[in-house]
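*Asks:* Under my numbering, the first residue of the sequence shown carries the number 26, and numbering increases by one thereafter.
Please keep in mind that the hints were generated in silico from the structure rather than gathered at the bench.
No false leads were mixed into what you were given.
Pair ranges (Cβ atoms, derived): (1) A127 to G94: 29 to 37 Å; (2) L144 to F122: 24 to 32 Å; (3) G141 to D57: 15 to 23 Å; (4) S81 to E59: 16 to 24 Å; (5) A148 to P125: 34 to 42 Å; (6) C51 to S79: 20 to 28 Å; (7) F122 to H76: 14 to 22 Å; (8) D74 to K149: 13 to 21 Å.
With a straight-line Cα cutoff of 30 Å, these simulated DSBU-like cross-link-like pairs (lysine-lysine) come out: (9) K130 to K70; (10) K149 to K130; (11) K149 to K77; (12) K70 to K149; (13) K130 to K77.
On a predicted model such as this, the values are computed, not experimentally measured, just so you know.
Here a beta-carbon is modelled for each residue, glycine too, at the ideal position from N, C-alpha and C.
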Amino acid sequence: MRRLLEFTNHLLKSLSTVMYPFAISCDEPLPDEEDLAEVALGSAKALRDLHKTSFSTGRICELLFSNWGSSIDWSYAVGNIKWSFAVELRDAGTYGFLLPPAQIKPSGEELTSLLGYMLTFIAKVSHFSTLLRPRCAD
26 MRRLLEFTNH
36 LLKSLSTVMY
46 PFAISCDEPL
56 PDEEDLAEVA
66 LGSAKALRDL
76 HKTSFSTGRI
86 CELLFSNWGS
96 SIDWSYAVGN
106 IKWSFAVELR
116 DAGTYGFLLP
126 PAQIKPSGEE
136 LTSLLGYMLT
146 FIAKVSHFST
156 LLRPRCAD
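Generate the whole structure from the sequences, applying the supplied hints.
*Replies:* Rendered as structure tokens:
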């Protein structure tokens, strides 16, 4: 399963986001951008429908800042994992990694909803043999 979906989960910052490659630059369009954007938007809707939490979606370089060394960039470009995402779950910037007990269960429910949506979408549009992007010629 590790080779099929790269997913990074963070409980930090003041953002609730569903992001996809690239972090390093937004200069070039992604060949899979339509699929990645559709999964991100659908996931954000599933999260909003659950607890009315608003999530932003888009490329990492659009939502945060350009940076080197992103595991999402590596998994997409080098690992050829089409479905590569980074998600920052709730907090609104107040608690960071130390969510109060009342927010832990809703955060877990949101993560479960997000993964359920993503995996259902991916199963509908993909066959196992197409989950990995074709390698670029060396």
